[in-house]
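Enquirer: Chain by chain, the residues run as shown.
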Amino acid sequence: DTAVSQTPKYLVTQMGNDKSIKCEQNLGHDTMYWYKQDSKKFLKIMFSYNNKELIINETVPNRFSPKSPDKAHLNLHINSLELGDSAVYFCASSLGLASIQETQYFGPGTRLLVL
Amino acid sequence: AQTVTQSQPEMSVQEAETVTLSCTYDTSESDYYLFWYKQPPSRQMILVIRQEAYKQQNATENRFSVNFQKAAKSFSLKISDSQLGDAAMYFCASPPIGGSNYKLTFGKGTLLTVNP
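Residue numbers (this note's numbering), protein chains in the order written: chain A, 1 to 115; chain B, 1 to 116.
A hint or two may mislead.
[As the list claims (entries may be wrong)] The following label-pair restraints were derived from C-beta to C-beta distances:
no., chain 1, residue 1, chain 2, residue 2, range
1, B, Asp31, A, Val60, 35 to 43 Å
2, B, Phe64, A, Phe42, 42 to 50 Å
3, A, Val60, B, Glu52, 24 to 32 Å
[Stated by the list, open to error] Under 7 Å between C-beta atoms, here's a sample of chain B residues computed to sit facing chain A:
no., residue
4, Arg43
5, Gln44
6, Leu47
7, Lys73
8, Lys78
9, Met89
10, Phe106
11, Gly109
[Claimed, not checked] Pairs of lysine-lysine residues, derived as BS3-like cross-links and limited to a Cα-Cα distance of at most 25 Å, are as follows:
no., chain 1, residue 1, chain 2, residue 2
12, A, Lys67, A, Lys36
13, A, Lys71, A, Lys22
14, B, Lys73, A, Lys44
15, B, Lys108, A, Lys40
16, A, Lys71, A, Lys41
17, A, Lys52, B, Lys78
18, A, Lys52, A, Lys41
19, B, Lys108, A, Lys44
20, A, Lys36, B, Lys108
21, A, Lys36, A, Lys9
22, A, Lys19, A, Lys71
23, A, Lys71, A, Lys52
24, A, Lys9, A, Lys44
25, A, Lys36, A, Lys52
26, A, Lys41, B, Lys73
27, A, Lys71, A, Lys36
28, A, Lys19, A, Lys41
29, A, Lys52, A, Lys40
30, B, Lys78, B, Lys55
31, A, Lys22, A, Lys44
32, A, Lys9, B, Lys108
33, A, Lys22, A, Lys36
34, A, Lys71, A, Lys9
35, B, Lys78, A, Lys40
36, A, Lys40, A, Lys71
37, A, Lys67, A, Lys44
38, A, Lys41, B, Lys55
It should be emphasised that the hints constitute simulated quantities derived from the structure, not laboratory data. Cβ atoms here follow ideal geometry from the backbone N, Cα and C, with glycine treated the same way.
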């Protein structure tokens with residue numbers, strides 16, 4: 001059974017399009033995250049939700065909008081895609097709010113390529 | 001400011017040998033966990049080991065162990081009896097200085113090559 005799953009795994013699209021990436025976890029965790037990994041492999045947090053409530057919103061363009069319909073799902077919608085959005089996007093989850101103490105479990109990543 | 005530093009962008013080791021990957025961090029937390037994650041070519045981020053900062057004993061998971069020195073804020077990963085499957089990018093992670101308690105900061109990674 002997949003603990004943290006993401007769809008799609010690959011996404012190729014044109015500049016200016018709008019796209020969504022979906023994430024689901026079946027671990028019963030309360031906290032979920034979105035990370036961006038750039039071409040140099042640098043991994044940086046974008047958003048974090050706890051039980052459907054936004055708790056971390058790093059300096060991310062407002063073209064990126066996370067949505068959590070329930071605590072098992074955290075989707076990422078990106079409007080007006082730009083070339084610089086090309087990256088691997090990882091979803092992760094952890095048991096609770098005290099994430100400094102909780103292990104984060106990662107999804108397989110979604111490789112986004114904007115042409 | 002970068003709060004997690006991995007000073008070795010690349011390392012290589014012979015199969016069956018031992019290698020140590022270094023990591024230093026800075027945090028304002030007094031009680032925290034530290035993590036090493038592995039990212040093989042498959043891209044999956046896999047937890048290798050974690051250390052509880054209030055424990056003096058170094059964490060060990062099979063061939064993987066850490067050398068945790070809290071005062072020096074150093075958290076190195078030792079891989080013993082290296083195997084070809086250990087080849088991957090390794091990331092160290094810690095809570096950052098100040099700001100939210102609810103996130104981790106990752107280092108820039110060390111690419112480990114295992115030579116047969």
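Enquirer: Now, for every hint given, state plainly whether the structure supports it.
Expert: Quick rundown of the hints versus the structure:
1. For the hinted restraint 35 to 43 Å between Asp31 (chain B) and Val60 (chain A), the CB-CB distance of approximately 29 Å leaves it violated.
2. About 23 Å separates the C-beta atoms of Phe64 (chain B) and Phe42 (chain A), a value inconsistent with the hinted range of 42 to 50 Å.
3. At about 31 Å, the CB distance of Val60 (chain A) to Glu52 (chain B) agrees with the hint of 24 to 32 Å.
4. For Arg43 (chain B), the interface hint holds, since its Cβ comes within 7 Å of a Cβ in chain A; the closest pair sits about 5 Å apart.
5. Evaluation of the Gln44 (chain B) hint against chain A yields a held restraint, the C-beta minimum of about 5 Å falling below 7 Å.
6. For Leu47 (chain B), the interface hint holds, the least distance from its beta-carbon to any beta-carbon of chain A being 6 Å, beneath 7 Å.
7. Hint on Lys73 (chain B) is violated. Least Cβ distance to chain A is approximately 15 Å, over the 7 Å limit.
8. Interface restraint check for Lys78 (chain B): the shortest CB-CB distance to chain A comes to about 20 Å, outside 7 Å, so the restraint is violated.
9. Restraint check, Met89 (chain B) versus chain A: the minimum CB separation of about 6 Å is within 7 Å; hint holds.
10. For the restraint placing Phe106 (chain B) at the interface with chain A, the shortest Cβ-Cβ distance is roughly 4 Å, inside the 7 Å limit, so the hint holds.
11. A hinted interface residue such as Gly109 (chain B) counts as satisfied when its beta carbon comes closer than 7 Å to some beta carbon of chain A; here the least separation is about 5 Å, so the hint holds.
12. A C-alpha spacing of about 16 Å is found between Lys67 (chain A) and Lys36 (chain A), which places the hinted pair at or below 25 Å, so the restraint holds.
13. Of the supplied pair hints, the one linking Lys71 (chain A) and Lys22 (chain A) holds, its CA atoms being roughly 13 Å apart against a limit of 25 Å.
14. Only pairs whose Cα atoms come within 25 Å are accepted, and Lys73 (chain B) paired with Lys44 (chain A) is accepted, the gap being roughly 21 Å.
15. Between Lys108 (chain B) and Lys40 (chain A) the CA atoms are separated by roughly 8 Å; this keeps the pair inside 25 Å, and the hint holds.
16. At roughly 28 Å between alpha-carbon atoms, Lys71 (chain A) and Lys41 (chain A) are farther apart than 25 Å, so this suggested pair is violated.
17. Simply put, Lys52 (chain A) and Lys78 (chain B) have alpha-carbon atoms about 38 Å apart, too far for the 25 Å limit, and the pair is violated.
18. Annotation: proposed proximity of Lys52 (chain A) to Lys41 (chain A) is violated, straight-line Cα distance about 28 Å (limit 25 Å).
19. Distance restraint check for Lys108 (chain B) and Lys44 (chain A): the Cα-Cα separation of roughly 10 Å lies within the 25 Å cut-off, and the hinted pair is therefore satisfied.
20. A hinted pair counts as satisfied when its Cα atoms are at most 25 Å apart, and Lys36 (chain A) with Lys108 (chain B) qualifies at roughly 13 Å.
21. For the suggested pair Lys36 (chain A) and Lys9 (chain A), the alpha carbons sit about 14 Å apart, so the restraint of at most 25 Å is met.
22. Using a Cα cut-off of 25 Å, the hinted pair Lys19 (chain A) and Lys71 (chain A) holds, with the two alpha carbons roughly 21 Å apart.
23. With a C-alpha separation of about 5 Å, the suggested pairing of Lys71 (chain A) with Lys52 (chain A) holds against the 25 Å cut-off.
24. Between the alpha carbons of Lys9 (chain A) and Lys44 (chain A) the distance comes to roughly 19 Å, so the proposed pair stays at or under 25 Å and holds.
25. At roughly 20 Å between alpha-carbon atoms, Lys36 (chain A) and Lys52 (chain A) fall within 25 Å of each other, so this suggested pair holds.
26. For a cut-off of 25 Å, the pair hint linking Lys41 (chain A) to Lys73 (chain B) stands: about 23 Å separates their Cα positions.
27. For the suggested pair Lys71 (chain A) and Lys36 (chain A), the alpha carbons sit about 21 Å apart, so the restraint of at most 25 Å is met.
28. Between the alpha carbons of Lys19 (chain A) and Lys41 (chain A) the distance comes to roughly 22 Å, so the proposed pair stays at or under 25 Å and holds.
29. Distance restraint check for Lys52 (chain A) and Lys40 (chain A): the Cα-Cα separation of roughly 31 Å exceeds the 25 Å cut-off, and the hinted pair is therefore not satisfied.
30. This hinted pair checks out: Lys78 (chain B) and Lys55 (chain B) have alpha carbons roughly 18 Å apart, not beyond 25 Å.
31. With a C-alpha separation of about 18 Å, the suggested pair Lys22 (chain A) and Lys44 (chain A) falls inside the 25 Å cut-off, and the hint holds.
32. About 23 Å separates the Cα atoms of Lys9 (chain A) and Lys108 (chain B), which keeps this hinted pair within 25 Å; it holds.
33. Annotation: proposed proximity of Lys22 (chain A) to Lys36 (chain A) holds, straight-line Cα distance about 14 Å (limit 25 Å).
34. At roughly 21 Å between alpha-carbon atoms, Lys71 (chain A) and Lys9 (chain A) fall within 25 Å of each other, so this suggested pair holds.
35. Restraint check: the Cα-Cα separation between Lys78 (chain B) and Lys40 (chain A) comes to about 24 Å, which is no more than 25 Å; the hinted pair holds.
36. A threshold of 25 Å between alpha carbons decides the hint, and for Lys40 (chain A) with Lys71 (chain A) the separation of about 31 Å lies outside it, so the pair is violated.
37. With a CA separation close to 19 Å, the supplied pair Lys67 (chain A) and Lys44 (chain A) stays within the 25 Å bound.
38. With a C-alpha separation of about 31 Å, the suggested pair Lys41 (chain A) and Lys55 (chain B) falls outside the 25 Å cut-off, and the hint is violated.
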